[in-house]
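Trainee: Take a look at the letters that make up each chain.
Number of protein chains: 2
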Amino acid sequence: MTARNLAFDQWVGAMQARIENVLDIHMPSPEVTPNKLHHAMRYAVLGGGKRVRALLTYATGGFCGAELNLLDVPAAAAELIHAFSLVHDDMPCMDDDDLRRGKPSTHKQYDDATALLVGDALQSLAFELIATPQFNLAPEQKNQLLYLLAYATGSRGMAGGQSIDLENTGRTLNQSQLEIMHQHKTGALIRAAALMGAHTIASPQHAKLAAIDTYTQAIGLAFQVIDDILDTEADTATLGKTAGKDAQDHKSTYVTILGLDAAKKLAHDLHQQALTALSSFSDEANRLRGLADFITQRQF
Amino acid sequence: MTARNLAFDQWVGAMQARIENVLDIHMPSPEVTPNKLHHAMRYAVLGGGKRVRALLTYATGGFCGAELNLLDVPAAAAELIHAFSLVHDDMPCMDDDDLRRGKPSTHKQYDDATALLVGDALQSLAFELIATPQFNLAPEQKNQLLYLLAYATGSRGMAGGQSIDLENTGRTLNQSQLEIMHQHKTGALIRAAALMGAHTIASPQHAKLAAIDTYTQAIGLAFQVIDDILDTEADTATLGKTAGKDAQDHKSTYVTILGLDAAKKLAHDLHQQALTALSSFSDEANRLRGLADFITQRQF
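Residue numbers (my numbering), protein chains in the order written: chain A, 1 to 300; chain B, 1001 to 1300.
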């Protein structure tokens, strides 16, 4: 296992601060009409989260030689889509969760109708930020990013994964069915966040794209396995969301299907797969290596 | 008042059939996983509606000299955004309406969670259809369409209008406040649908763009005034949605603010404004003229 080093931790802190600032700048001010909606959008997005998707965009962009300045918008767009999905997922008609990132979830802080519109508007904003003439990227690359993001967000990506999740609540899935659900529900956006970083340059190397694809498939799944382990082992205060929610909701998880030890072994194996995908690259892949460690060693 | 003629009515019928087919082709099959979500998406979109936004895209595209084949995708994207907004707007936490286009609304036919995901996935699909490499339009134009559509859908467009609407339920608005709400809630997407038609060509004439802008502002508002009149005068069977819903929900409408006669006078004046905006153009603007009549003379 690669040891995380100070330089990597500093980079994570710097990029987390950077994306917070980028999101703050690109979200409409609460002074702008409709004020309540803009206030609630900012509540849902700012001031929390590990920003894993943004970190991935920055890391793959760096890996492929992209300019840092051009990575801000796709990184922010990925985080906006993620935030929108959390807002809708927490609503009473979905997972009905009152707590998110240690705060009342958006529908608790405001109301259900506002949460619905917050999610809708965050989704549009993600696409708007990439498409706007103010984002100075070549039109071909913009289209590529927009396509990657839209596909990953929709019915064959994230929304589809949530639908599969809902359809199977109360049923016991096997490992392969669980994997298909998670590939849609969280894997698709993680992959899009990573590929967007690579595709801000005109012709990313094929070998690098292939490595990113294998790597993100492994860490996307590892992310979910760790989520399931933490949902069992950690407490609500540490998680910032309700612990034990999946068991309570009778959802299949890697822990319920495999048991805790085998789930930990799977997370370890996926971590190794992610690192193996990067083995033919030198220092240029260090941030991706660090992120694989970051994701599998996280405590919340 | 311009008389609608047979040729125009035939064009409307042909374009309505055309967009139905385009939407059918571009929506994932219910055979594709997740089946339930894809089934529900098709239920929400296909088999109904006047397709005013698609007609506008086709009409402005024709007005500016665009190829018909290139107008299918933006026309479909506008209809997908419209359908998504209806699905979310009908949900219990919003307008709580059980009937849409003469059928049970999506959350009644399926369930609230599915309706939420249907709306989310229809929004993504609208952007995906424009961004996909399979849509053979120049990247510059694609970005322009994506930007117009995303801006019109989000917090400074449609979602923002719904938020203003919610905030003011039970309060009496003045005419100017009502206008601002409708410019966001329905006007923004109508304008985007029209401008997308124009912007499928690289450099639409400035005079035409300006005319489209004035025209759509007038017919967008006229559309809403007529909606308010029909909500008062028509019955549920004719409307295909619950009649009298606005009064029941204590919402300000043009009829409650101005009275029925003044509302009809306003619709007439807006119709004239729309035609005046086109007065320097000859036959090339006939479909836009016909659409202005179509919108102000509609009975449902």
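FYI, nobody ran anything at the bench for these hints, they're computed from the structure.
All C-beta atoms in this analysis are idealised placements derived from N, C-alpha and C, irrespective of residue type, glycine included.
Hints are not guaranteed to be accurate.
Claimed, not checked - Cβ-to-Cβ under 8 angstroms is the rule here; a few derived chain B residues that face chain A:
no.	residue
1	Gln1123
2	Leu1146
3	His1206
4	Leu1209
Trainee: Could you run down the list of hints and mark each one as holding or not?
Mentor: Evaluated hints:
Given the 8 angstroms rule on beta carbons, the hint for Gln1123(B) holds: about 5 angstroms separates it from the nearest Cβ of chain A. For Leu1146(B), the shortest C-beta to C-beta distance to chain A is roughly 4 angstroms, which falls under 8 angstroms, so the interface hint holds. Because the smallest distance between the Cβ of His1206(B) and any Cβ of chain A comes to about 17 angstroms, over 8 angstroms, the interface hint for this residue is violated. For Leu1209(B), the suggested interface contact is broken, since its CB lies about 16 angstroms from the closest CB of chain A, more than 8 angstroms.
Consistency note: the structure conflicts with the earlier hints numbered 3, 4.
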